[in-house]
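Residue numbers (our numbering), protein chains in the order written: chain A, -18 to 91; chain B, -16 to 100.
FYI, nobody ran anything at the bench for these hints, they're computed from the structure.
Glycine is no exception: its CB is placed at the ideal position from the N, C-alpha and C atoms.
Heads up, some of the hints might be wrong.
Here are a few chain A residues that sit away from chain B, every Cβ distance over 12 Å (derived from the structure) [to be verified]: (1) -1; (2) 62; (3) 71.
Chain B regions said to be covered by chain A (calculated; three or more residues, Cβ under 8 Å) [as the list claims (entries may be wrong)]: (4) 49 to 61; (5) 90 to 99.
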Amino acid sequence: DAGVTQSPTHLIKTRGQQVTLRCSPKSGHDTVSWYQQALGQGPQFIFQYYEEEERQRGNFPDRFSGHQFPNYSSELNVNALLLGDSALYLCASSWDTEAFFGQGTRLTVV
Amino acid sequence: AQKITQTQPGMFVQEKEAVTLDCTYDTSDQSYGLFWYKQPSSGEMIFLIYQGSYDEQNATEGRYSLNFQKARKSANLVISASQLGDSAMYFCAMRGEFSGGYNKLIFGAGTRLAVHP
């Protein structure tokens, strides 16, 4: 059984560009959450999707948007990239008391 | 508001010794869950152990145990018989369980553990 998988693993973008990150949840998990982890800090909650709807949102601007598909996979989109968006982006899938993370996408904005 | 505090930025331990990583939390929820994750340099957040606020027994998973003291609002991670591969960042996290377990995770700042041979 594959766990949570994310793609791509690394990405370099230029300031002002747009990026899409992808996540496939663990089998049986219907809820997907996205987190941003800046260097040397703990992960910060961006938003959560359940039944293809955004259920909760953290303190992130509208440049950060997402989507969940019928198979529970999810995308995170970031528009108008800023240098400060450089971080490790983690996807977590959850069900009941379980919460498992993918290996993350390391985004560098230059 | 929920908050997780990890007061140890870095810890050292000798191989085969036990080590305790501290975590205190603050929440007004009656029902919540506490998690510990390990993050090696590769970046993946690896789930270690979970404790529900109504669980009467401390959680254990192999060499990991969670010392849960509800009145003190602490959820310390104990790693027994440390191994070199345990060197990593360790994060304590909390989730309110009110909404059936689907709430966001709130993370602490982490503790970097170094295991010496």
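Now for the hints, and whether the structure bears them out:
no. : hint     : verdict
1   : -1       : 23 Å, holds
2   : 62       : 20 Å, holds
3   : 71       : 6 Å, violated
4   : 49 to 61 : violated (count 0)
5   : 90 to 99 : holds (count 4)
This entry does not satisfy hints 3 and 4, going by the numbered hints stated previously.
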